[in-house]
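Just so you know, the sequences run in chain order A and B. Last residue of the first sequence: 122 in my numbering, with the numbers rising by one and none dropped. Last residue of the second sequence: 105 in my numbering, with the numbers rising by one and none dropped.
Simulated from the structure, these hints should not be mistaken for lab results. If you're wondering where the values come from, they're calculated on a predicted model, not measured in any experiment. All clues given are correct.
Using 25 angstroms as the maximum straight-line C-alpha spacing, the simulated DSS-like pairs for lysine-lysine come out as follows: (1) B:Lys41 <-> A:Lys43; (2) B:Lys102 <-> B:Lys38; (3) A:Lys43 <-> A:Lys65; (4) B:Lys41 <-> B:Lys102; (5) B:Lys102 <-> A:Lys43; (6) A:Lys43 <-> B:Lys38.
Derived coverage of chain B by chain A (criterion: at least 3 residues anywhere in the stretch with Cβ under 8 angstroms from a Cβ of chain A; other residues may be distant): (7) 44-55; (8) 96-103.
Note that the Cβ used here is the ideal one computed from N, Cα and C, for glycine as well.
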Amino acid sequence: QVQLVESGGGVVQPGRSLRLSCAASGFAFSAYGMHWVRQAPGKGLEWVAVLWYDGSNENYADSVKGRFTISRDNSKNTLYLQMNSLRADDTAVYYCARESCGGDCYQDFDYWGQGTLVTVSS
Amino acid sequence: IQMTQSPSSLSASVGDRVTITCQASQHISNFLNWYQQKPGKAPNLLIYDASDLETGVPSRFSGSGSGTEFTFTISSLQPEDIATYYCQQYESLPLTFGPGTKVDI
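Chain A with its partners taken away, still in its complex shape:
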C-alpha cells in the first residue's frame, strides 16, 4: 500500500535551516509529482511547494519562495524540503502528499504522510 513517512522536524532557532525528508513506498515514486503542505498549530492547510516527477519543474507559495527548496531523489524514493532562513511563522506540521494526476500536473493530494512538526523558536 502507498506509504509516505516524513522525518526531520524539530525545534530550530529563527534564521537557521532544516531539511525535511519524505520516504515513499508502495507505488512508482518516480512517476508522480509530489507536494509539501503545511498546517500551523490550530490553523488551516497551506500548500507549500510542488515538484514534477522528474524534478524538471517546481513551484512555491509566495510565503516560502527564495527560502525553501523542494527536491527529490528517485533512486531513493525520497522527497526533500530544504528550509532556510526559518521564521516563527514557519512553525507548522509539514505533510508530504502525492499528486493524484501523475507526474507533470497538479490537481489534488490523494495520499498524505503523517506529518512532521517544525517549531521555529529561540
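With the hints as your guide, set chain B onto chain A.
Quick look at chain B alone, frame taken from chain A:
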C-alpha cells in the same frame, strides 16, 4: 485565487443533512476538491473535480457546483464524520485551500 467557506463551524445531530459552501474569488470551472481532516490526522481526499467521489468514500458525501460557487453535503451525519472539512482549488498555482469548516455533533 482566494477560497472562502461558510459556515466556519456547525453543530448538527446524527442523521442530519449537513451542507457547507465554498466560494472562489474567480472562476475555477470544476477544479475543486474537498478534504476531511480528523483531529491529529492528515487530511483525506473525499471529492475531486467538484462532484466525483474518491474511491472508498461513503456515498453520503457529495459535492456540486462550478464556476465560483460550490457545495459539499453529508446526507446523513454520522458520529465518525466529526472533522474539519476543507475545499481546495487547482485552477492555478498557488494551490489554495478554504479556511475550513469544523463539524461537531
